[in-house]
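Sequence order for the protein chains is B and G. With the first letter of the first sequence counted as 1, position 232 gets the number 232 in this note's numbering; the numbers rise by one all the way through. With the first letter of the second sequence counted as 1, position 237 gets the number 237 in this note's numbering; the numbers rise by one all the way through.
These are computed hints drawn from the structure, not numbers from a lab. You may find that some hints are simply not true.
Partial pick of chain G residues on the chain B-facing surface, computed with a CB cut under 7 Å [said to hold, decoys possible]:
no., residue
1, S94
2, A96
3, T247
Only some residues are given here: those of chain G computed to face chain B with a beta carbon under 7 Å [unchecked claim]:
no., residue
4, T125
5, V158
6, S193
7, R197
8, W211
9, G214
10, D217
11, Y224
12, Q235
13, D256
14, T266
Just the calculated beta-carbon pair ranges, DEER-fashion [to be verified]:
no., chain 1, residue 1, chain 2, residue 2, range
15, B, Q219, G, A91, 36 to 46 Å
16, B, A223, G, T234, 50 to 60 Å
17, G, G249, B, G92, 24 to 34 Å
18, B, S133, G, L271, 18 to 28 Å
19, B, E95, G, P248, 38 to 48 Å
20, G, A221, B, T216, 30 to 40 Å
21, B, S93, G, T141, 31 to 41 Å
22, B, T230, G, A227, 42 to 52 Å
23, B, I118, G, T253, 39 to 49 Å
24, G, A95, B, G92, 28 to 38 Å
Virtual Cβ for every residue (Gly too), placed ideally from N, Cα, C.
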Amino acid sequence: MLIPSSAAPLAAADYIPHLPNAGRRSFVKYAGAVAATLTLASCSKHNEVPGTVNIGSADGGALNFAYAQEQLQAAFYAQVLAGAYFGNLAVGSAEQQVFAALALHQRIYVDLLKATIIQGKAAPIQALTADFSAVNFSSRQDILRTAAQLEDLAVAAYNGVARFFTVPAYLLLAAKIVSVKARHAALVRDLLTPNSFVANDVVTLTEGTSLERAQTPAQVAAAANNFLATGSKLNVINLA
Amino acid sequence: MNFLNILTQLAEVDPDVLDRLNPRRAVFSSLGTVAKRSAMAATPVLLASMFQKAYAGTNAGDPVEIFNYALTLELLESDFYKKMQASPFFATASAADQAAINQIAKHEASHVSLLTTVVKGIGGTPAAGVTFKTTTFATLTSFAKQLEIAQLLEDTGVRAYKGRATDLQGIADVNIPGVGTINPLESALRIHSVEARHAAHIRTMRMQTAWISGSGDLDGADNYKGATPESNVTQAGFNLTTAGIITPGVTYTAADVAASFDEILTKPETLALATPLIGA
């Protein structure tokens, strides 16, 4: 079943209304029931190019860049959890647990990065509006393929933006997150295609160096923008 | 907390503190910009981190030392997988598992080759001859037992690279003959994430969660008990299990928070784990 058109585009779940006892289980219920109706006001004052979100420069920009990736992924997994494929998985089955965990991890990253940006006296970017209208959330193949794209993209994003951090604590935080993203990426790739956790499209196998393939922030933004609605597309001009 | 006051007081006690803080990282040289003022956020975690940096050992931030440390670990991993491939138990593994180990072994060999070139390229003498102790390997009497060690080595590798990331921060791009121009931090992180993919896959082969969950069969092993344990729930100064700490009404469990972040191992912690495994 496709997500009803009235539900799209989805916003990344950000600050949410009161949810008593919102642990994992109730988050799953919550995400299923409510995520599709969440819309959030913009709080950014830095849109220099109309219709784009300028993520800023230096440490604030690098944190916001990570925050944008996590918002995008959080919106994706919230929609997965609200969708037919997830709904039909047996409770306690491996994939059900994987998607529930991934959704929860993303929420934690979104929350923590926003809080860290505010704590650092920088301005967090607005709550982004994702557009996954091209993804069929009743299709395992579609979900896993998109999950792998987003997880691989996030790893490349963190690796590529690391050099813009000047504050050691921020670099350390990013490093603590990126290896878990790489674990996510390996897992969803393996679910999609067994043993594809380090395939040539993400690791430089043909070059013989066996490094994660690099992407500049501009390349990551261009790929991420394919999943972001008009008005939420990322502008990384100050991160170069 | 007034961060600049603290710096002033430190400078009175130790006139070199500003020099110690300043030279490699331009954290304090351009506090005028809004973004960099985040350096003045003056949270305890941030302060602690900066002062650890400022007063770290004299070798902190030496790229030759850092890359040789990475090379030592890659040599150990590479030799371990070679021994695995040569072991009679390898043939007992499924074709898919053999293919995965073969692929990972190739990666480790190319990491060794790359890091050797990098260390030479920046004027150092590359580490060599680091092998997994034969007598220890001989105690691993099944493919499954070998995979346990592989998991420990990979997760340790991830945490070891992570532990040195901030030591590479701010080091300028360098041209390595035969490799090209690299950003040392980015190159290390591009190995780090590949190691994390290895770790995830091996954990999956062993029916563990891809991430360190705190409930895996090896999660009580010494490898997961650095000064900051994998059960840590405080990140960037926020205890993420506190009810409503970030989002009103949302409480995350300790298990979920811990699973979302990989922690570091320091060099002494890593060497304490790795050294007993190294030998003829």
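Do the hints match the structure? See the list:
no.: 1; hint: S94; in the structure: violated (10 Å)
no.: 2; hint: A96; in the structure: holds (6 Å)
no.: 3; hint: T247; in the structure: holds (6 Å)
no.: 4; hint: T125; in the structure: violated (21 Å)
no.: 5; hint: V158; in the structure: holds (5 Å)
no.: 6; hint: S193; in the structure: holds (4 Å)
no.: 7; hint: R197; in the structure: holds (4 Å)
no.: 8; hint: W211; in the structure: holds (5 Å)
no.: 9; hint: G214; in the structure: violated (13 Å)
no.: 10; hint: D217; in the structure: violated (17 Å)
no.: 11; hint: Y224; in the structure: violated (14 Å)
no.: 12; hint: Q235; in the structure: holds (6 Å)
no.: 13; hint: D256; in the structure: holds (5 Å)
no.: 14; hint: T266; in the structure: violated (12 Å)
no.: 15; hint: B:Q219 <-> G:A91: 36 to 46 Å; in the structure: holds (43 Å)
no.: 16; hint: B:A223 <-> G:T234: 50 to 60 Å; in the structure: violated (33 Å)
no.: 17; hint: G:G249 <-> B:G92: 24 to 34 Å; in the structure: holds (26 Å)
no.: 18; hint: B:S133 <-> G:L271: 18 to 28 Å; in the structure: violated (52 Å)
no.: 19; hint: B:E95 <-> G:P248: 38 to 48 Å; in the structure: violated (31 Å)
no.: 20; hint: G:A221 <-> B:T216: 30 to 40 Å; in the structure: holds (38 Å)
no.: 21; hint: B:S93 <-> G:T141: 31 to 41 Å; in the structure: holds (34 Å)
no.: 22; hint: B:T230 <-> G:A227: 42 to 52 Å; in the structure: holds (47 Å)
no.: 23; hint: B:I118 <-> G:T253: 39 to 49 Å; in the structure: violated (24 Å)
no.: 24; hint: G:A95 <-> B:G92: 28 to 38 Å; in the structure: holds (30 Å)
Violation of the numbered hints given earlier is confined to hints 1, 4, 9, 10, 11, 14, 16, 18, 19 and 23; the remaining hints are satisfied by the structure.
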